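Enquirer: Numbering (the working numbering), first residue to last: 55 to 218.
Since the hints were derived computationally from the structure, they do not count as laboratory data.
All values derive from a computational prediction rather than experimental measurement.
Please note that a few of the clues may not be correct.
Keeping only pairs whose Cα atoms sit at most 30 Å apart, straight-line, the calculated BS3-like set for lysine-lysine is [as the list claims (entries may be wrong)]:
1. Lys171 <-> Lys91
2. Lys131 <-> Lys171
3. Lys205 <-> Lys171
4. Lys91 <-> Lys131
5. Lys205 <-> Lys131
6. Lys205 <-> Lys91
Label pairs and their in silico Cβ distance ranges [to be verified]:
7. Gln175 <-> Arg202: 19 to 27 Å
8. Asp180 <-> Gln62: 56 to 64 Å
9. Ala103 <-> Pro215: 22 to 30 Å
10. Glu206 <-> Gly118: 31 to 39 Å
11. Ala179 <-> Glu157: 20 to 28 Å
Even glycine gets a Cβ: it sits at the ideal position worked out from N, Cα and C.
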Amino acid sequence: MGRRPLEQAATLVSDLSSAMLTTDGLRWLAAPERDSKLVRQLYAYLDDARIAYDRRPTVELPRGARVRPTARINLPKRTVLVQAVGGSEQGLEHALSLVQRIERADYAFDQCLVLLKGNPQTWPADHLDLLADHTPVGFSDRMDAVTRFLKEGTPLERPVPSEP
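Given only the sequences and the hints, what does the whole structure look like? Please build it.
Expert: Here it is, written out as structure tokens:
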């Protein structure tokens, strides 16, 4: 930086701070995407069950947009796109948006799955109900039902019972 007059000290400190923030931001941009614990569990489950899948596939929509769900599971009779959501309402909203866009790419209802962490009681009922209108919803605490859905095509129960 060299020597500068004392009057420029505030400007130099500001420039130095900006450079440090920029460097830190670039480090985060260059860092590889980290998978959540639920995503790692999903991949381990698929590996253990010897189910063929692709991590974070690119799915092209009819008008050229692309989406990247958590996995594309390649089953003998069908392909299933899975979006795993670990625990935030923002993740749930992202999953809803993703499955609504995937609907435009002519995937059947049973070709999508949103896998949520935990069980239905840990999620807002209204959100689950809306999500279940667009895709089957499975839970990490109920992987036996998810296995039957994937391997046998057994429909998943709606996470929130219909009101009478």
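Enquirer: For each hint, tell me whether it holds in the structure or not.
Expert: A quick look at each hint next to the structure:
1. Lys171 <-> Lys91: Cα-Cα ~9 Å, so holds.
2. Lys131 <-> Lys171: holds (27 Å)
3. Lys205 <-> Lys171: Satisfied, since the Cα-Cα distance of roughly 20 Å is no more than 30 Å.
4. Lys91 <-> Lys131: holds (29 Å)
5. Lys205 <-> Lys131: This hinted pair holds, its Cα atoms lying about 9 Å apart.
6. Lys205 <-> Lys91: Answer holds: Lys205 to Lys91 is near 23 Å, not above 30 Å.
7. Gln175 <-> Arg202: 19 to 27 Å: holds (21 Å)
8. Asp180 <-> Gln62: 56 to 64 Å: At roughly 57 Å between Cβ atoms, Gln62 and Asp180 fall inside 56 to 64 Å, so the hint holds.
9. Ala103 <-> Pro215: 22 to 30 Å: Given about 29 Å between the Cβ atoms, the range holds.
10. Glu206 <-> Gly118: 31 to 39 Å: About 35 Å separates the Cβ atoms of Glu206 and Gly118, which means 31 to 39 Å holds.
11. Ala179 <-> Glu157: 20 to 28 Å: holds (22 Å)
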